[in-house]
Amino acid sequence: DSGVTQTPKHLITATGQRVTLRCSPRSGDLSVYWYQQSLDQGLQFLIQYYNGEERAKGNILERFSAQQFPDLHSELNLSSLELGDSALYFCASSVGVGGNTIYFGEGSWLTVV
Amino acid sequence: GIQVEQSPPDLILQEGANSTLRCNFSDSVNNLQWFHQNPWGQLINLFYIPSGTKQNGRLSATTVATERYSLLYISSSQTTDSGVYFCAVDPNNNDMRFGAGTRLTVKP
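So the sequences go chain by chain: A and B.
Under the working numbering, the first sequence is numbered contiguously, ending at residue 113.
Under the working numbering, the second sequence is numbered contiguously, ending at residue 221.
Since the hints were made in silico from the structure, they are not lab data.
Just so you know, even glycine gets a beta-carbon here, dropped at the ideal spot from N, CA and C.
Incorrect hints may appear among the rest.
To be verified - In silico negatives: residues of chain B with every beta carbon more than 10 Å from chain A:
# : residue
1 : 140
2 : 143
3 : 158
4 : 180
5 : 186
6 : 201
7 : 208
To be verified - For each label pair, taking beta carbons as the anchor points, the in silico distance ranges come out as:
#  : chain 1 : residue 1 : chain 2 : residue 2 : range
8  : B       : 166       : A       : 10        : 37 to 43 Å
9  : A       : 113       : B       : 205       : 34 to 40 Å
10 : A       : 95        : B       : 167       : 15 to 21 Å
Here chain B stands alone, though its shape is the one from the complex (with noise of 0.2 Å):
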């Protein structure tokens, strides 16, 4: 099946800073969606980013499915971005497989 890995497993960042998370796949994708898992546990969906490049307010997010992979940007970076964040693909418009995710955590 289908293998996704992210990189890097842990980043702990000061507040104000900026990030970079990598998702790299390895077949073509339907459908590859980013998500945050707060503290709490919640699940909370970023960008559903098959192909291009979206912007949500500090987050911003590039997928090249020609080359298999996505970027998760993260800019000034606050002590609530903190979880893990998640990447997930469907190479078969079946369900979404995931990635073990980047533990960031952002310190005050």
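Bound conformation, chain A alone (with noise of 0.2 Å):
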């Protein structure tokens, strides 16, 4: 168990809809990043939260927004969805911002019907 707790586990939802996956980070982590995973695309950063603030952005599609809350755990929205969008959104948290080790949580998987 890496400490860091995404959900939910699993979500199938219609094209065109919304959904938000949510983030808790490891007790004392202020740094939380999310990840995408497809088939065709790998691993793929999508955007860096630190203490609040965004910090790094990565290949985040418009339709998709994220943010960090006071209490720190993060929330990534995705809109309109397309098939493509079909994959597993990782979370992973981190103490600082660099030289840290990054823990990722177990993943949330998304299909897009």
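Put the complex together from the two separate chains, hints included.
Shown next as structure tokens:
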């Protein structure tokens, strides 16, 4: 158990819908990262937050958004879902912003039908 | 951006065999980690190793930062070692960039 908690573990939804994925980082970790893993794109970095502020942005679509709340949990919002958004979405956390071990949650499996 | 190349892409072993997985990266990094993704999709952290050598049981890793590569050694492999092994690097204290992985299959 990495200490990073993600919910839901599995989600099936229809095209055009909106979903929210939730992440609770390890106790004491201030950084939260979101990654997407699909069969054709591998593991792609989406976005990073540090202590409530957005710190880095990767290959995140405009239909996707995220935030980190004062209690340090984070949510990833995916809207206007398309079939190609089906993937495993990981949250990860670390103590700081670099030079630290990053721990991954178990992921949220999203299937868009 | 930084390029991360892992080799071999696929590896099939008999139980008990040893193996070496390689990760090459194109720029200097502040962080390098090895992960194992098991058949259930879980990403398990194996080593945080931006430089030097570490060992944990049957696994060990070495990173030569000046030459921009890292090696993961698996000795006396077991069927439970099967899965995908990822190398990930962080060049700028922002995020981890992953290689494409090495898919390991250990046969009994």
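Going down the list of hints, with the structure as the test:
1. Taking the minimum C-beta to C-beta distance to chain A, about 14 Å, the non-interface status of residue 140 (chain B) holds against the 10 Å cut.
2. Some Cβ of chain A comes within 10 Å of the Cβ of residue 143 (chain B); the nearest lies about 5 Å off, and the non-interface call is violated.
3. Not every beta carbon of chain A lies more than 10 Å from that of residue 158 (chain B), the smallest distance being close to 6 Å; the non-interface claim is violated.
4. Listed as outside the interface, residue 180 (chain B) is consistent with that label: its C-beta sits roughly 20 Å from the nearest C-beta of chain A, beyond the 10 Å cut-off.
5. Every CB of chain A is more than 10 Å from the CB of residue 186 (chain B) (nearest about 20 Å), matching its label as outside the interface.
6. Remark: the non-interface label on residue 201 (chain B) conflicts with the geometry, its nearest Cβ contact in chain A lying 8 Å away (cut-off 10 Å).
7. Against the 10 Å criterion, residue 208 (chain B) falls within the reach of chain A, whose nearest CB is about 4 Å from its own CB.
8. The supplied range of 37 to 43 Å is met by residue 166 (chain B) and residue 10 (chain A), whose beta-carbon atoms lie about 39 Å from each other.
9. For the pair residue 113 (chain A) and residue 205 (chain B), the supplied restraint of 34 to 40 Å holds, since their beta-carbon distance comes to about 38 Å.
10. Judged by the Cβ atoms, the range 15 to 21 Å given for residue 95 (chain A) and residue 167 (chain B) holds: they are separated by roughly 19 Å.
Hint check: violations occur at hints 2, 3, 6 and 7; the rest are consistent with the structure.
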